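Protein chains: 2
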Amino acid sequence: MERTRTNQASSHVGERVQLAGWMHNWRDMGKFGFLVLRDGAGTFQAVLDDATEIEKLKGLQYESVLQIEGIVAPEPRAPAGAELHDCKVEVIAPVLEPLPFEINKKELKAGLDVFLNYAPVGLRHLEKRALFRVSAEIMAGYREYLRQQDFVEIQTPKIVGSATESGANVFRIDYFGRPAYLAQSPQFYKQIMVGVFERVFEIGPVFRAEKHSTSRHTNEYVSLDFEMGFITDHTDVMAMLTGVMRHIVHRLKESRARELELLGIRVPSVPDAIPSLRLPDAQQLIFERFGEDCRGEPDLAPQHESWLCQYAEQELGSELLFITHYPTSKRPFYTYPDDQDPSLTKGFDLLLRGCEIVTGGQRIHRYEQLRENAVKWDVNPEDIDGYLQAFRYGMPPHGGCAIGLERLVMQLAGLPNLREATLFPRDLDRLSP
Amino acid sequence: MERTRTNQASSHVGERVQLAGWMHNWRDMGKFGFLVLRDGAGTFQAVLDDATEIEKLKGLQYESVLQIEGIVAPEPRAPAGAELHDCKVEVIAPVLEPLPFEINKKELKAGLDVFLNYAPVGLRHLEKRALFRVSAEIMAGYREYLRQQDFVEIQTPKIVGSATESGANVFRIDYFGRPAYLAQSPQFYKQIMVGVFERVFEIGPVFRAEKHSTSRHTNEYVSLDFEMGFITDHTDVMAMLTGVMRHIVHRLKESRARELELLGIRVPSVPDAIPSLRLPDAQQLIFERFGEDCRGEPDLAPQHESWLCQYAEQELGSELLFITHYPTSKRPFYTYPDDQDPSLTKGFDLLLRGCEIVTGGQRIHRYEQLRENAVKWDVNPEDIDGYLQAFRYGMPPHGGCAIGLERLVMQLAGLPNLREATLFPRDLDRLSP
Numbered sequence: 002m003e004r005t006r007t008n009q010a011s012s013h014v015g016e017r018v019q020l021a022g023w024m025h026n027w028r029d030m031g032k033f034g035f036l037v038l039r040d041g042a043g044t045f046q047a048v049l050d051d052a053t054e055i056e057k058l059k060g061l062q063y064e065s066v067l068q069i070e071g072i073v074a075p076e077p078r079a080p081a082g083a084e085l086h087d088c089k090v091e092v093i094a095p096v097l098e099p100l101p102f103e104i105n106k107k108e109l110k111a112g113l114d115v116f117l118n119y120a121p122v123g124l125r126h127l128e129k130r131a132l133f134r135v136s137a138e139i140m141a142g143y144r145e146y147l148r149q150q151d152f153v154e155i156q157t158p159k160i161v162g163s164a165t166e167s168g169a170n171v172f173r174i175d176y177f178g179r180p181a182y183l184a185q186s187p188q189f190y191k192q193i194m195v196g197v198f199e200r201v202f203e204i205g206p207v208f209r210a211e212k213h214s215t216s217r218h219t220n221e222y223v224s225l226d227f228e229m230g231f232i233t234d235h236t237d238v239m240a241m242l243t244g245v246m247r248h249i250v251h252r253l254k255e256s257r258a259r260e261l262e263l264l265g266i267r268v269p270s271v272p273d274a275i276p277s278l279r280l281p282d283a284q285q286l287i288f289e290r291f292g293e294d295c296r297g298e299p300d301l302a303p304q305h306e307s308w309l310c311q312y313a314e315q316e317l318g319s320e321l322l323f324i325t326h327y328p329t330s331k332r333p334f335y336t337y338p339d340d341q342d343p344s345l346t347k348g349f350d351l352l353l354r355g356c357e358i359v360t361g362g363q364r365i366h367r368y369e370q371l372r373e374n375a376v377k378w379d380v381n382p383e384d385i386d387g388y389l390q391a392f393r394y395g396m397p398p399h400g401g402c403a404i405g406l407e408r409l410v411m412q413l414a415g416l417p418n419l420r421e422a423t424l425f426p427r428d429l430d431r432l433s434p
Numbered sequence: 002m003e004r005t006r007t008n009q010a011s012s013h014v015g016e017r018v019q020l021a022g023w024m025h026n027w028r029d030m031g032k033f034g035f036l037v038l039r040d041g042a043g044t045f046q047a048v049l050d051d052a053t054e055i056e057k058l059k060g061l062q063y064e065s066v067l068q069i070e071g072i073v074a075p076e077p078r079a080p081a082g083a084e085l086h087d088c089k090v091e092v093i094a095p096v097l098e099p100l101p102f103e104i105n106k107k108e109l110k111a112g113l114d115v116f117l118n119y120a121p122v123g124l125r126h127l128e129k130r131a132l133f134r135v136s137a138e139i140m141a142g143y144r145e146y147l148r149q150q151d152f153v154e155i156q157t158p159k160i161v162g163s164a165t166e167s168g169a170n171v172f173r174i175d176y177f178g179r180p181a182y183l184a185q186s187p188q189f190y191k192q193i194m195v196g197v198f199e200r201v202f203e204i205g206p207v208f209r210a211e212k213h214s215t216s217r218h219t220n221e222y223v224s225l226d227f228e229m230g231f232i233t234d235h236t237d238v239m240a241m242l243t244g245v246m247r248h249i250v251h252r253l254k255e256s257r258a259r260e261l262e263l264l265g266i267r268v269p270s271v272p273d274a275i276p277s278l279r280l281p282d283a284q285q286l287i288f289e290r291f292g293e294d295c296r297g298e299p300d301l302a303p304q305h306e307s308w309l310c311q312y313a314e315q316e317l318g319s320e321l322l323f324i325t326h327y328p329t330s331k332r333p334f335y336t337y338p339d340d341q342d343p344s345l346t347k348g349f350d351l352l353l354r355g356c357e358i359v360t361g362g363q364r365i366h367r368y369e370q371l372r373e374n375a376v377k378w379d380v381n382p383e384d385i386d387g388y389l390q391a392f393r394y395g396m397p398p399h400g401g402c403a404i405g406l407e408r409l410v411m412q413l414a415g416l417p418n419l420r421e422a423t424l425f426p427r428d429l430d431r432l433s434p
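Heads up: the sequence lines are chains E and P, in that order. Letter 302 of the first sequence, counting from 1, is numbered 303 in this note's numbering, and no numbers are missing. Letter 165 of the second sequence, counting from 1, is numbered 166 in this note's numbering, and no numbers are missing.
No lab work stands behind these hints, which were simulated from the structure alone. In this text the structure is predicted, and so the values were computed from the model without any measurement. Keep in mind that a hint or two might mislead.
A pair counts as met if it fits within one copy or between any two copies, since identical chains are not told apart.
[Claimed, not checked] Computed list of lysine to aspartate or glutamate pairs in DMTMM-like fashion (alpha-carbon distance at most 20 Å, straight line):
hint : residue 1 : residue 2
1    : 331       : 282
2    : 57        : 87
3    : 107       : 262
4    : 254       : 151
5    : 129       : 70
6    : 59        : 29
7    : 129       : 151
8    : 331       : 373
9    : 89        : 255
10   : 32        : 54
11   : 377       : 340
12   : 331       : 87
The task is simple: from the sequences and hints, build the whole structure.
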């Protein structure tokens, strides 16, 4: 008999079907019992009232893998409006060890560390898997929108010959006896590929050997990068990103309504033009409105981002806020300086609900200027020769940005720690599972 | 004025448009000249007949970035059926250095090594970029099909705490003073995630520290992985893969007909059921048909794969061929043994036009059997504790496979070396660009 998935079962009322999945719950009432079977699609309830069948579950722990045949009967009190009767059970893979924590309750009670140690089983919790279906939908929406805008997907190397953006937070590899490094971002390669396709995007892992441990950082994360040529300035990139965000939110509402509801996620409405503040103006605003003087500081602290988003939501009606014109001295050497004030850049961050989720900007496209800047920033031009090559052979004005996938999911779902939005996080203490 | 892309220009006959792109070609005829401008969409010809405008190109090398305004005029002899007249040129980024090789000719004449050294400019060649648009379309087709089949996309860590599949070909990282490794495949994680979603896929980099240098191997490549639960055996995986391949070919024909034509790619027709041979039978066939006795060998050599594909094409009418039942001793410890003959596995390879492009199979899903096998294969169960955890807590029968993206592109396009199908290849000698 062909297997029916749980979400299809209630459309087979009166028929005999075969389900298969994990023993999500089992309430033994003596002569009968309620078994909840979970598969990739959802859950379905089976009523066992035959002693021989009930006997088969003796000694089995939750998460045992079962196959159940039975007749679908209407039952208004069952969550699916139907349940399985007259059941035959087959144990496909017994579980004999009690679970480290309960994964069949609405709320997962395990502390973060215990959860991460047992992620292979913990991720089976209905809310957890809903969260990572949201992640998957964000990636799909991102790609779909950019493909529509004629961006080409690329996959660039993660092993690189020289530490590029910053020597400080790079992982070293032994590459056949030579040193090599893990890419901190696809930045150089996506810029090179603007020379080929004009518009490119990539979704892939990036690696940062940050030695500090915060709830907003991990050492490997998923970066949603795009880069586009023939722009006027950074605002073209911001406009494209706004379109991306609108489409992602649209896709989530269309395709993941059930998961959003389960997780209590209210997606932000993305305005046609997300409000934008220059960093010096944002710092002035913080001083006037919140009384803290961070004017002249090169970056925003988490508290500042939080205040600015509070302001944007209350006064501008937006949960998203662009901050532009970060200081040139604090951005990478390839960042385009502002024409009016070269001490500031045509760089931006996008904040969502109090946390930065995107960094981007216009890049320098003229070879001489880029090379000079590299030297000024203590980057040896010989080390980045392949990158500079693209500029020697003609690059248009261009820019791009990178969304941190886990940051976006964390902010959407209101999670307190980035690790909760990461399938198998890597940090100072954690290399497995 | 808003920029028009080259592929849209001929639909603006009689209008003044602005194009922008790279100086792909320039034929100076004295009082006038033909300029071919290339952008991300294609090329378009502009006729320059004003001395002031022609003067602006003096000293400029190919690949200079230009903006050209002009009036679109019908011209049957021009490739697009129209060309640009009355042109005003603006130089956006001049190129002053001659190119390392010609990239505006139909054929790229550079040797592989020179090409790879200058990939940032070489990839701009029209055939090269067509090839990587084919790559992008394969990824899109792969994801689209699997999403339709209810697979969930995952992104798993590339830094792992222990060398898993084989200690021999793994790259070591210094992870905050501790040893860590680059993932040789997402194998363990995609299996773990079968416990969560039943069906998962991932497209991402994998790393193999193979010390030999062949035209079929590089040290970092893009792996198209999927894994599915509740299968009967490996043939369910093969059937899913067949569907994937059919869809990829369909997408290529629908969306990349122009690129296929430019590259002279004839896509294979994928039969409803790709023919399949057991390894021992395949070796017997080689012996009888081609006179070489490789019976009893644990794997196929490139020549054997070539002969088998020759046979399959001539006798079975298929350019694709499954080989199944590789020896248990030569497959990883998690491979499911054949029920009839446990010295063979429920593992398979898929060959295309004489080269393996996919490896897959059914996996062991019972905890005790898997743990015992690990020990037998000299893998310390403690080192793979996170992986085994999924099995302690119930795993269904499952299997999956991995397509090598560059292998597939190489075979489709008939390229002699995998490096030609890789954007920025990594091998024993090459870490940049």
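Notebook entry, point to check: Which numbered hints are broken by the structure, listed smallest first?
Noted result: 5, 9 and 12
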